[in-house]
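If you're matching them up, the sequences are chains A and B in order.
Reminder that position 42 of the first sequence reads as 42 in the working numbering, one-by-one numbering, no gaps.
Reminder that position 38 of the second sequence reads as 38 in the working numbering, one-by-one numbering, no gaps.
Treat the hints with care, as some may be off.
What the hints assert, rightly or not - Estimated spans, in silico, between C-beta atoms of each pair:
1) A:Ser69 with B:Lys51: 17 to 25 angstroms
2) B:Glu15 with A:Pro71: 31 to 39 angstroms
3) A:Thr17 with B:Val13: 40 to 48 angstroms
4) A:Ser27 with B:Gln107: 34 to 42 angstroms
5) A:Val62 with B:Ala78: 19 to 27 angstroms
6) A:Pro71 with B:Gln14: 28 to 36 angstroms
7) A:Ser53 with B:Ile7: 36 to 44 angstroms
8) A:Thr30 with B:Lys70: 27 to 35 angstroms
9) B:Val50 with A:Ser27: 20 to 28 angstroms
10) A:Thr17 with B:Lys70: 29 to 37 angstroms
11) A:Thr30 with B:Val55: 27 to 35 angstroms
12) B:Lys51 with A:Asn50: 25 to 33 angstroms
13) A:Gln38 with B:Val55: 30 to 38 angstroms
14) B:Val55 with A:Ser27: 30 to 38 angstroms
To be verified - Straight-line Cα separation of at most 16 angstroms, EDC-like style, residue types lysine to aspartate or glutamate; simulated pairs:
15) B:Lys36 with B:Glu67
16) B:Lys70 with B:Glu54
17) B:Lys97 with A:Asp26
18) A:Lys7 with A:Asp26
19) A:Lys65 with A:Glu54
20) B:Lys70 with B:Asp83
21) B:Lys57 with B:Asp18
22) B:Lys97 with A:Glu101
23) B:Lys36 with A:Glu101
Said to hold, decoys possible - Partner residues aside, some chain B positions facing chain A, computed with beta carbon under 8 angstroms:
24) Tyr22
25) Phe45
26) Gln48
27) Gly66
28) Phe88
29) Thr94
30) Lys97
31) Leu98
32) Gly103
33) Gln107
34) Thr109
None of these hints come from the bench; they were simulated from the model.
Being a predicted model, the structure only gives us computed values, none of them experimental.
We treat Cβ as the ideally placed atom computed from N, Cα and C, and that holds for glycine.
Given next are the chains, with one letter for each unit.
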Amino acid sequence: SAVISQKPSRDICQRGTSLTIQCQVDSQVTMMFWYRQQPGQSLTLIATANQGSEATYESGFVIDKFPISRPNLTFSTLTVSNMSPEDSSIYLCSVRTVSYEQYFGPGTRLTVT
Amino acid sequence: GQQVMQIPQYQHVQEGEDFTTYCNSSTTLSNIQWYKQRPGGHPVFLIQLVKSGEVKKQKRLTFQFGEAKKNSSLHITATQTTDVGTYFCAIPGTASKLTFGTGTRLQVTL
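Just chain A, with the same shape it has in the complex (with noise of 0.2 angstroms):
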């Protein structure tokens, strides 16, 4: 299994600013990934932190809009750029290991006025 800690755990920004989540991992993972959840609703995959290169965003996410660090095999951020109401929702980080179980950071809700 794989402890993840996740800061902040809440924010209420204004629209135009920008965020940066951050995600910590007890141990060292290859693979990470960010979803997003909107209240009630199923998770959507935002894109694979790759450590050492970029990250690989799925369709309707750009870089521009949510880059990614991945400095080491522990740590990645995401920062939401430039948001807008419609970013409100709860960001989370994951790890998978090596056995392909997922493990979950407890989340980031964010609140875009």
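Using the hints provided, position chain B relative to the given structure of chain A.
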């Protein structure tokens, strides 16, 4: 991309009743995973099924993978209030990325 339908969307049961959620894929799957998300919490891995027709049990939870490996079910016997939450199935996609089902929200009342 792959479609993952889950039914029902929502179920409300009284404590002690059974509950089942179904997950259906449009394609044959190599494996399927199940997750539980408590209200206000994050998804928690429950189990992975790999073999055709596989049945696995975790206390009151029974997981089944269809013979054709296109569907799966999660059955809870004698629900308790601690079972409240949303249950998601998840299937592997390209580069082993998971696609999550639409989820079934379970409400249990006394």
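Consistency of the hints with the structure:
1. A hinted range of 17 to 25 angstroms is violated for the C-beta pair serine 69 of chain A and lysine 51 of chain B, which are about 39 angstroms apart.
2. In this structure, glutamate 15 of chain B and proline 71 of chain A break the distance hint of 31 to 39 angstroms, their C-beta atoms being roughly 48 angstroms apart.
3. At roughly 44 angstroms, the beta-carbon separation of threonine 17 of chain A and valine 13 of chain B lies within the given 40 to 48 angstroms, and the hint holds.
4. In this structure the supplied range 34 to 42 angstroms holds for serine 27 of chain A paired with glutamine 107 of chain B, their Cβ-Cβ distance being about 36 angstroms.
5. At roughly 48 angstroms, the beta-carbon separation of valine 62 of chain A and alanine 78 of chain B lies outside the given 19 to 27 angstroms, and the hint is violated.
6. At about 51 angstroms, the CB distance of proline 71 of chain A to glutamine 14 of chain B disagrees with the hint of 28 to 36 angstroms.
7. Checking the proposed 36 to 44 angstroms range against serine 53 of chain A and isoleucine 7 of chain B shows it holds: the Cβ atoms sit about 40 angstroms from each other.
8. With their beta carbons about 29 angstroms apart, threonine 30 of chain A and lysine 70 of chain B fall inside the hinted range of 27 to 35 angstroms.
9. For valine 50 of chain B and serine 27 of chain A, the hinted distance range of 20 to 28 angstroms is satisfied, since their beta carbons lie about 24 angstroms from each other.
10. One distance hint, 29 to 37 angstroms for the beta-carbon pair threonine 17 of chain A and lysine 70 of chain B, is violated here, with the actual separation near 45 angstroms.
11. Between threonine 30 of chain A and valine 55 of chain B the Cβ separation comes to about 31 angstroms, which falls inside the hinted range of 27 to 35 angstroms.
12. In this structure the supplied range 25 to 33 angstroms holds for lysine 51 of chain B paired with asparagine 50 of chain A, their Cβ-Cβ distance being about 31 angstroms.
13. The hint said 30 to 38 angstroms for the Cβ distance between glutamine 38 of chain A and valine 55 of chain B, and at roughly 34 angstroms that hint holds.
14. For the pair valine 55 of chain B and serine 27 of chain A, the supplied restraint of 30 to 38 angstroms holds, since their beta-carbon distance comes to about 32 angstroms.
15. Taking the CA atoms of lysine 36 of chain B and glutamate 67 of chain B, the gap is near 24 angstroms; set against the 16 angstroms cutoff, the hint is violated.
16. A hinted pair counts as satisfied when its Cα atoms are at most 16 angstroms apart, and lysine 70 of chain B with glutamate 54 of chain B qualifies at roughly 12 angstroms.
17. Note on lysine 97 of chain B and aspartate 26 of chain A: the hinted pairing is violated, with a Cα-Cα distance of about 22 angstroms set against a maximum of 16 angstroms.
18. Taking the CA atoms of lysine 7 of chain A and aspartate 26 of chain A, the gap is about 14 angstroms. The hint holds against a cut of 16 angstroms.
19. Simply put, lysine 65 of chain A and glutamate 54 of chain A have alpha-carbon atoms about 14 angstroms apart, close enough for the 16 angstroms limit, and the pair holds.
20. With a CA separation close to 26 angstroms, the supplied pair lysine 70 of chain B and aspartate 83 of chain B exceeds the 16 angstroms bound.
21. Of the pairs offered as hints, the one joining lysine 57 of chain B and aspartate 18 of chain B holds, with about 15 angstroms between alpha carbons and a cut-off of 16 angstroms not exceeded.
22. For the hint pairing lysine 97 of chain B with glutamate 101 of chain A, the CA-to-CA distance comes to about 11 angstroms; that is within 16 angstroms, so the pair holds.
23. A C-alpha spacing of about 13 angstroms is found between lysine 36 of chain B and glutamate 101 of chain A, which places the hinted pair at or below 16 angstroms, so the restraint holds.
24. The beta carbon of tyrosine 22 of chain B is not positioned within 8 angstroms of any beta carbon in chain A (closest approach about 15 angstroms), and the interface hint is therefore violated.
25. At about 5 angstroms, the closest approach between the beta carbon of phenylalanine 45 of chain B and any beta carbon in chain A falls short of 8 angstroms, and the interface hint on this residue holds.
26. Among the interface hints, the one on glutamine 48 of chain B holds; its C-beta lies about 7 angstroms from the nearest C-beta in chain A, closer than the 8 angstroms criterion.
27. At about 19 angstroms, the closest approach between the beta carbon of glycine 66 of chain B and any beta carbon in chain A exceeds 8 angstroms, and the interface hint on this residue is violated.
28. Interface restraint check: phenylalanine 88 of chain B against chain A, minimum CB-CB distance 7 angstroms, threshold 8 angstroms, status holds.
29. Interface restraint check for threonine 94 of chain B: the shortest CB-CB distance to chain A comes to about 10 angstroms, outside 8 angstroms, so the restraint is violated.
30. Nearest Cβ of chain A to the Cβ of lysine 97 of chain B: about 6 angstroms, under the 8 angstroms cut. The hint holds.
31. Taken as an interface hint, leucine 98 of chain B checks out: its beta carbon lies about 6 angstroms from the nearest beta carbon of chain A, inside 8 angstroms.
32. A cut of 8 angstroms between beta carbons decides the hint on glycine 103 of chain B: the least distance to chain A is about 5 angstroms, and the hint holds.
33. Interface restraint check for glutamine 107 of chain B: the shortest CB-CB distance to chain A comes to about 13 angstroms, outside 8 angstroms, so the restraint is violated.
34. The closest approach between the C-beta of threonine 109 of chain B and any C-beta of chain A is roughly 19 angstroms, which is over the 8 angstroms cut-off, so the hint fails.
Violation of the numbered hints given earlier is confined to hints 1, 2, 5, 6, 10, 15, 17, 20, 24, 27, 29, 33 and 34; the remaining hints are satisfied by the structure.
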